[in-house]
Amino acid sequence: MENEQPEFIENQEEISGPLHQPQVRDPERFTGHRIALRVFEGPLDLLLYLVRAHRYDIFDIPIQEVTNEFITYLKLMDEVDLEYAGDFLVTAASLMQIKARMLLPKQQSANEDAMDDEGRDPRKELVDRLLEYQKFQEAADTLKDMREVRLDMFARPPQPKETSADETEITAALLLEDVSTFDLLRALQKVLARLDERPTAVIRREPFTIGERIRDLHRRIAASPEGITFRAVCDDCETRLEVVITFLAVLELIRRGRARVEQKELFDEIYIKMPEN
Amino acid sequence: MNLGTLNFELFMPTKADIIESLLFASEKPLPLKKLAQIAELDEAKAREELEVLREEKASIGSLQIVEVAQGWQIVTKPAFASYIRQLRDEKKPKLSRAAFEVLAIVAYRQPVTRGEVEELRGVDCAGSLHQLLDKKLVQLAGRKEAPGRPWLYATSAQFLDLFGLRAIDDLPSLAEFATLNDAPQQLFNRGAMKSEEEFEAVATGD
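Protein sequences appear in the order of chains A and B.
According to the numbering used here, the residues represented by the first sequence are 1 to 277, in order.
According to the numbering used here, the residues represented by the second sequence are 1001 to 1206, in order.
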C-alpha cells in the first residue's frame, strides 16, 4: 500500500477530477483511469466511495449495481497489481454471496418484514462493517488535523552537550533498561579485537573446557560481590577460542540463573555478578 | 510605592517568572510535579500559575505554553511555522492515509492485534504498522492470549505529544463519529463531495 509508484503521484492532478464525480456507472470512465487505483485504501474504502458517489442509502444498498461496479473495478485492477487486488477479491466474493442470497425467493415476499433464515438482511453484516470503517476514517481525518496543528508548534531544540560524537546519537529510549545479548556480543568483539593486537606466534593446547570455565567463573563471581568485568574474566585468555569458551560460559551461567550482567552506561564495562537473591 | 514594587520585582522573580524560565530551559516537556518542586509550590498552585502564564502568553508574542502527555512546554505559535521551517530547512514529515487509518484504529481500540486492525480495514496493514512502530507512534504491548499469541499494539507517549494530547482520553469520543449511523446522508459530506454547491449540482443534474 505504502510504496506508491511515482507515476501514480504524477497523475494525481488529472485523476482527482473525474474521481470526485458521482457518475461512475459507465465502465468506460473507469478504464481511462488505471492510475486512480491507488486512491482507494482497500475494498471497504472503495465500497464507501461507490455508496457515496451514487448517494445510495447505506441501509438499502442496491447490491447488484454495487457488485457490478466493484467487479468492473476489480478487473481493471487485476491487470495492474495482483497483490493489491487480493484484498478486494475477498470482498467481491462476499458481495456476490449477498447478491445471491438477496435473489432467493424468500426475499421477494415482502419489504421490511422480509428477512432471511437467520432473520437478518443479508446486507446487514456488510453495512455494519462499512459504518464501522467509516467511523475510523473520520477518526483518521481528525487525527490528521490534530497532527497538522501540533506540527506547526516548535519547541526549543536540545542544546548540544559536551559529549563525544557517538554519544550524541543516543536517544533516551536506548539507554539501558537492561543489557541485551547484543551488548554482550559487543563486549566480546572488543575483547577479540584486543586479542588480535597481541602477538600470536605461540600455539598452545586448549587449556580448559567450557565446563571447567563455568565452574571457575562461578567461583570467581561468588568471591567478588561487586562483580567482575567481562574484560577481567577474559584476561587470562590467550586465544580467540578461549575467549569464545569464556563467553559461552557466561551465557550458560546467565541461562541457568547463576549470574546476571549489569552495565551502568551504554558502552561501559559489563559487570558479571551473582544473582540478586 | 510603585518604585518599591518595581525594585521588588527586579530582585525577586515571581513564581510565574521562575516557571517560565524552567519551561524555557527544559529540553523536554516538564512534568508538573518537577516544576512545582523546583519552584517551591504545591502542584495545585503551580498549575494555577501555569494557567495564568498560558493566558498571558496566548495574548501576546510568538510563544505559547502547552500541556502534553509528559508535561508542560514552551512552543512557538502555529502562525510562525513557515518561518521556522525555513530556518531549520525542514519539511513537514509525511504520514500516509493508510497509516492514519491504522493509527486511528490502534488509538481507539488499543491494545489491538494486527488481525483486528486488518479485519476493520479489510486490507493488509503490516506496512503501515511497521511505519508507525518505526516512527514510535505505536508500540508493542505484549501478546494476546489467543491462538498464535499475536502481538498487541498500543499508542505511545510520543503519539500523545505529537498529536497534542495530554492523555488518550483527550481524543474525541468515537461515538461522535458514530452519529453518522443516524444520518446516513452525512456519508456524502466526506470525500466524494467537495462542497454543498457541487452536491446540489450533481443532485439536480442526475
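Calculated from the structure, these hints are not laboratory results.
None of these values were measured; they are calculated from a predicted model.
Watch out, some of these pointers could steer you wrong.
[Said to hold, decoys possible] Taking lysine-lysine and the BS3-like style, the derived pairs with C-alpha atoms no more than 27 Å apart in a straight line are:
| id | chain 1 | residue 1 | chain 2 | residue 2 |
| --- | --- | --- | --- | --- |
| 1 | A | K144 | B | K1045 |
| 2 | B | K1094 | A | K144 |
| 3 | A | K264 | B | K1092 |
| 4 | B | K1091 | B | K1077 |
| 5 | B | K1028 | B | K1094 |
| 6 | B | K1028 | B | K1144 |
| 7 | B | K1077 | B | K1136 |
| 8 | B | K1135 | A | K190 |
| 9 | B | K1092 | A | K144 |
| 10 | A | K144 | B | K1028 |
| 11 | B | K1077 | A | K144 |
| 12 | B | K1034 | A | K264 |
| 13 | B | K1034 | A | K144 |
| 14 | B | K1034 | B | K1057 |
| 15 | B | K1077 | B | K1028 |
| 16 | A | K264 | B | K1136 |
Evaluation of the provided hints:
1. K144(A) x K1045(B): Violated - the C-alpha atoms of K1045(B) and K144(A) are around 35 Å apart, more than 27 Å.
2. K1094(B) x K144(A): It holds: about 10 Å lies between the C-alpha atoms, which stays within 27 Å.
3. K264(A) x K1092(B): Roughly 37 Å separates the two Cα atoms, so the pair is violated.
4. K1091(B) x K1077(B): 17 Å, holds
5. K1028(B) x K1094(B): At roughly 23 Å apart (the allowed maximum being 27 Å), K1094(B) and K1028(B) satisfy the hint.
6. K1028(B) x K1144(B): With Cα atoms ~33 Å apart, K1028(B) and K1144(B) exceed 27 Å; violated.
7. K1077(B) x K1136(B): 25 Å, holds
8. K1135(B) x K190(A): 32 Å, violated
9. K1092(B) x K144(A): 12 Å, holds
10. K144(A) x K1028(B): 23 Å, holds
11. K1077(B) x K144(A): 18 Å, holds
12. K1034(B) x K264(A): Within the cut-off at roughly 25 Å; holds.
13. K1034(B) x K144(A): The hint is violated at about 32 Å.
14. K1034(B) x K1057(B): Within the cut-off at roughly 21 Å; holds.
15. K1077(B) x K1028(B): This hinted pair holds, its Cα atoms lying about 17 Å apart.
16. K264(A) x K1136(B): Between K264(A) and K1136(B) the Cα gap is close to 25 Å, so the pair holds against 27 Å.
Violated hints for the displayed structure, listed by number in ascending order: 1, 3, 6, 8, 13.
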